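Asker: In the order they appear, the protein sequences are chains A and B.
Read the first sequence against numbering that gives the first Met the number 0 and you will find it ends at 279, with the numbers running on by one and no gaps.
Read the second sequence against numbering that gives the first Met the number 0 and you will find it ends at 138, with the numbers running on by one and no gaps.
No lab work stands behind these hints: they were computed from the structure.
Don't take each hint at face value.
[Stated by the list, open to error] Below are the SDA-like pairs computed for lysine to any residue, each with C-alpha atoms no more than 20 Å apart in a straight line:
1) B/K45 with A/M120
2) A/K23 with B/R118
3) B/K32 with A/Y154
4) B/K135 with A/I227
5) B/K45 with A/G84
[As the list claims (entries may be wrong)] Now the stretches of chain A that chain B is said to cover, found in silico as 3 or more residues with beta-carbon under 8 Å:
6) 149-157
7) 188-198
This one's a predicted model, so the numbers in the text were calculated from it and none came from an experiment.
Cβ atoms here follow ideal geometry from the backbone N, Cα and C, with glycine treated the same way.
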Amino acid sequence: MARITAGVGSSHVPLLGVAVDQGKWQDDYFGPIFKGYEWTREWERREKPDVVILVYNDHASAFDANIIPTFAIGCGERYKPADEGWGPRPVPDVEGHADLAWHIAQSLILEDFDMTIINEMDVDHGLTVPLSMMFGQPEKWPCKVVPLAVNVVTYPVPSGNRCWALGEAIARAVESFPEDLNVQIWGTGGMSHQLQGPRAGLLNREWDNRFLDMLEADNDEVRHIPHIEYLRETGSEGIEMVMWLIMRGALGKKVKRLNRHYHIPCSNTAIGHIVLEPAD
Amino acid sequence: MTHDKPRQNIHEYLAEFEDIPGTRVFTAARARKGYWINQFAMSLMKSENRERFKADERAYLDEWNISEQAKQAILARDYNTLLDLGGNVYFLSKLFSTDGLPFAEAVSTMTDMTWPEYRQMMLDGGRSPEGNRSIKGGY
Ligand SMILES: [Fe+2]
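Based on the sequences and whatever the hints tell you, model everything.
Answerer: Quick look at the structure:
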């Protein structure tokens, strides 16, 4: 049987991809950030997940303003890095796990989550930057990926509560997949940042750390944070953190924290990541 | 089926968004209003479109169903006005990259700071949420 062995929450700031691609990751600016991911990179090398369910959002790359799926799951065989305006990132193509993805998609629909299914798309920094942070610069990514794209741009975006519940349903879907697979689930985006308007540049170290505390807790209070709180406290783009709740919901009630790191700033954004293991 | 919390009232939900200082939440109303601004920006993902736009910005804009006010704002790179007209930063960022402008530098033009001042603020820990959460509440 397939099983979810761990969850990772992580920022996916595009500038981190630039730092990797241009070999700047050891300089004064990026050094402390990449040092914070060192333990996690080592851990991933040992864990060797077969598949990562990678929850992220598309930033006007694969989807334009026309079609706005709230939850979309990639069921294709492979995905190319998107051209976000400067040419695609020089990273390997992302290999899908179509069997598992279709199994999850079907299971979720039967559980009343009306998923959008995607066969072909390019994946942007939201998906490839976390891969670079966790796996460095391999010739080929060491695992398959099931992309799960969430609308966190056009309001209303899904509630934290719904994201958590989706995570729970994903865990049940994975458990009912007959093949023996080591599956991780990653929730990406955030942490606090605002990229627009006169309030741009807002960061909130205190709130972000309280959010990390809530993810580690043996309860599900974090799912009830309303959108307005993310918006007021963490900037207009901090809402991406609802995607971490899909990851957290998939891990069950109790978790063990294996690693946690927080750093300000990276470009406009507060960088954070957390590694959790189900402990029920 | 039972629900452990009352359903969110859509009018209250949307009204609260207008209470955040210096912020344009990308609501459905803004997405509708700015649809063609965002689709225009999206078209700049293709290099042949970028070339045509750069060669004659006004002529390229005239191919789109965009108001004169929005065209002027695009020509002036007036991003706050574009937000008011329903532009969204992830779409507008295609214009940043067409101009070869780093994302953070483009973002800084929406604030009352110069780019070096903005960059320094970020290095110093970013803009504090203190006093920046609510217009009515002032907290
Ligand atoms: Fe993002």
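Asker: If you test the structure against every hint from before, which numbers come out violated?
Answerer: none
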